[in-house]
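Protein sequence lines, in the order shown, are assigned to chains L and H. One point on numbering: in the working numbering, the residue at position 199 of the first sequence is 199, and numbering is uninterrupted. One point on numbering: in the working numbering, the residue at position 25 of the second sequence is 25, and numbering is uninterrupted.
Derived by calculation from the structure, the hints in this document are not laboratory data. Among the hints, a few may not be true.
Label-pair restraints from in silico Cβ distances [unchecked claim]:
{"#": "1", "chain 1": "L", "residue 1": "N66", "chain 2": "H", "residue 2": "R157", "range": "42 to 50 Å"}
{"#": "2", "chain 1": "H", "residue 1": "I15", "chain 2": "L", "residue 2": "T136", "range": "45 to 53 Å"}
{"#": "3", "chain 1": "H", "residue 1": "P163", "chain 2": "L", "residue 2": "D211", "range": "22 to 30 Å"}
{"#": "4", "chain 1": "H", "residue 1": "E195", "chain 2": "L", "residue 2": "I131", "range": "27 to 35 Å"}
{"#": "5", "chain 1": "H", "residue 1": "E164", "chain 2": "L", "residue 2": "N66", "range": "43 to 51 Å"}
{"#": "6", "chain 1": "H", "residue 1": "E161", "chain 2": "L", "residue 2": "S67", "range": "26 to 34 Å"}
{"#": "7", "chain 1": "H", "residue 1": "P110", "chain 2": "L", "residue 2": "G59", "range": "22 to 30 Å"}
Not close to chain L: a few residues of chain H, all C-beta gaps over 10 Å, as computed [as the list claims (entries may be wrong)]:
{"#": "8", "residue": "D16"}
{"#": "9", "residue": "L31"}
{"#": "10", "residue": "D196"}
C-beta atoms are modelled at their ideal positions from N, C-alpha and C, and glycine is treated no differently.
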Amino acid sequence: MTRPHSRSRTGHDKAAQAVVSRRVAMFTLGTAALACGLPLRATAQSPDAAAALVSRAVGDVLGIINSGRSESAMLREFERIFRDYADVPIIAQSVVGPQWRGASDADRRAFIAAFQSYMARKYGRRFREFIGGEITVTGTRQVRNFVEVISTVRVTGTAPFEVRWLVSDGSGQTRFFNMIIEGVNLMITERSEIGAMLDARGGDLGRLAADLRSMG
Amino acid sequence: MASCGPATLPPGDSIDDASEFQNRAMHRFNLSLDRALVGPAADAYGTVVPTPLRRGVTNFASNLNQPGYVLNDLLQLRVGDAAQNTLRFAINSTIGIGGLLDPATAIGLPAAETDFGETMHVYGLGEGDYHVLPVFGPSTTRDSVGLVVDFALNPLRHVVEPPETGYLAGTRVLARFGDRHDFAGSIEDVLYRSEDSYTALRSLYLQNRRFELRGDDADYFDPYSDEAVASDPTGEALSDPYSDPYFDPYSQ
Chain L
1 MTRPHSRSRT
11 GHDKAAQAVV
21 SRRVAMFTLG
31 TAALACGLPL
41 RATAQSPDAA
51 AALVSRAVGD
61 VLGIINSGRS
71 ESAMLREFER
81 IFRDYADVPI
91 IAQSVVGPQW
101 RGASDADRRA
111 FIAAFQSYMA
121 RKYGRRFREF
131 IGGEITVTGT
141 RQVRNFVEVI
151 STVRVTGTAP
161 FEVRWLVSDG
171 SGQTRFFNMI
181 IEGVNLMITE
191 RSEIGAMLDA
201 RGGDLGRLAA
211 DLRSMG
Chain H
1 MASCGPATLP
11 PGDSIDDASE
21 FQNRAMHRFN
31 LSLDRALVGP
41 AADAYGTVVP
51 TPLRRGVTNF
61 ASNLNQPGYV
71 LNDLLQLRVG
81 DAAQNTLRFA
91 INSTIGIGGL
101 LDPATAIGLP
111 AAETDFGETM
121 HVYGLGEGDY
131 HVLPVFGPST
141 TRDSVGLVVD
151 FALNPLRHVV
161 EPPETGYLAG
171 TRVLARFGDR
181 HDFAGSIEDV
191 LYRSEDSYTA
201 LRSLYLQNRR
211 FELRGDDADY
221 FDPYSDEAVA
231 SDPTGEALSD
241 PYSDPYFDPY
251 SQ
């Protein structure tokens with residue numbers, strides 16, 4: 001969004017006026033949309049905000065990996081990063097699939113919490129392989145209502161590989177909701193894994209939430 | 001087959017596994033082979049042989065693949081890749097001391113890996129069914145055929161004679177042991193710590209293989225998208241969000 005921006009006073013006033021009248025126009029449009037029952041998810045996600053989110057997440061992860069702290073301390077930090085930068089509830093819900101609808105609120109909450117620490121443990125242990133590595137954001141691509149952020153990982157001893165992050169503000173905040181590493185989609189992969197675990201427990205989300213605490 | 005252009009790639013979660021029963025048996029065999037032989041041998045190789053020497057072996061084995069890549073590049077009419085792989089082979093075989101070093105990657109000429117399975121994909125052949133091969137592991141009908149053709153076509157096979165062919169095969173095996181050692185953590189997570197290692201490996205293999213063949217134009221499911229809500233007010237779409245790898249959960 002480029003906004004008319006002028007340093008001169010009159011220009012500034014004009015810009016302010018334009019912003020105010022635009023707000024009025026937006027409000028009118030908004031009420032009109034509401035009245036007509038149109039979906040109100042109009043804001044296009046900004047690619048820059050998405051790229052910034054990924055850069056911050058990656059910076060935090062690399063900082064922790066190279067901090068030389070104990071593994072358990074690192075895993076706690078990874079969980080915090082996952083909670084802060086990812087939309088954990090929507091990932092948990094998507095990974096569970098249709099059985100989400102039949103589950104109680106308490107089971108859903110318990111599962112989200114257990115899933116969050118399970119993911120941090122499972123993938124956090126692998127992050128140590130990136131010690132001394134470098135992750136750079138190389139591009140963004142608008143896909144429908146969300147942004148794909150493309151990053152390249154360079155670790156000594158292996159060919160550079162690509163990690164893509166799907167970032168959306170659909171939750172009200174800019175968060176990533178999927179990760180694709182060399183074509184391997186985190187949601188698809190975890191859905192197969194969590195799906196097998198759910199099947200083994202007769203589809204009982206509460207029981208899986210309890211068991212998940214010691215897994216990963 | 002009748003159409004021109006590459007075959008259509010199935011979405012990430014779509015799996016054709018007609019012979020799952022036999023595949024699972026083969027998977028169990030491969031797991032016991034890894035447990036009894038490949039895992040321990042790779043560990044020993046990784047522990048005994050110092051990293052620079054192992055890297056030399058990996059580079060050497062990788063360089064041997066280059067002529068096969070070039071051949072497939074030409075069959076796919078990918079002239080740029082053919083040139084890159086040829087130049088890479090020339091540089092690494094000379095300045096790189098017969099392929100032990102990899103100066104080509106350092107100057108921006110990484111291996112553009114390919115195989116006859118990809119050539120068939122480019123010609124419009126679909127992947128077929130999922131297959132688990134003995135020792136080699138996950139594959140598809142098309143890629144199993146590709147493996148055989150690549151072996152038969154390999155230009156090096158026609159210029160190298162025994163016993164050198166045996167040495168070359170040996171370095172390939174050692175290079176695989178090196179990978180098994182270097183990625184032991186990730187490999188063992190999938191093989192021995194997942195809920196169902198068969199489905200986990202199948203999913204990882206098919207997703208990654210389709211990514212290799214697809215290039216850059218993936219599409220994803222959007223769990224947040226308005227269309228999903230509009231077309232599915234009860235949230236039924238959640239039952240299969242993965243038919244679209246760019247699934248957007250916020251579309252619900």
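To see whether the hints hold, each was checked on the structure:
1. Between N66 of chain L and R157 of chain H the CB atoms are about 46 Å apart, so this pair conforms to the stated range of 42 to 50 Å.
2. Distance hint for I15 of chain H and T136 of chain L: a CB-CB separation of about 34 Å, inconsistent with the stated range 45 to 53 Å.
3. For the hinted restraint 22 to 30 Å between P163 of chain H and D211 of chain L, the CB-CB distance of approximately 55 Å leaves it violated.
4. Between E195 of chain H and I131 of chain L the C-beta distance comes to about 29 Å, which sits within the given range of 27 to 35 Å.
5. For the pair E164 of chain H and N66 of chain L, the supplied restraint of 43 to 51 Å holds, since their beta-carbon distance comes to about 45 Å.
6. Range check, E161 of chain H to S67 of chain L: about 55 Å between beta-carbon atoms, so the 26 to 34 Å window is missed.
7. Restraint check, P110 of chain H to G59 of chain L: a C-beta distance of roughly 26 Å satisfies the suggested window 22 to 30 Å.
8. For D16 of chain H, the shortest C-beta to C-beta distance to chain L comes to about 15 Å, beyond the 10 Å cut-off, and the non-interface label holds.
9. At roughly 16 Å from the closest C-beta of chain L, the C-beta of L31 of chain H stays outside 10 Å, upholding its exclusion from the interface.
10. Annotated as non-interface, D196 of chain H brings its C-beta within 10 Å of a C-beta of chain L; the closest such distance is 5 Å.
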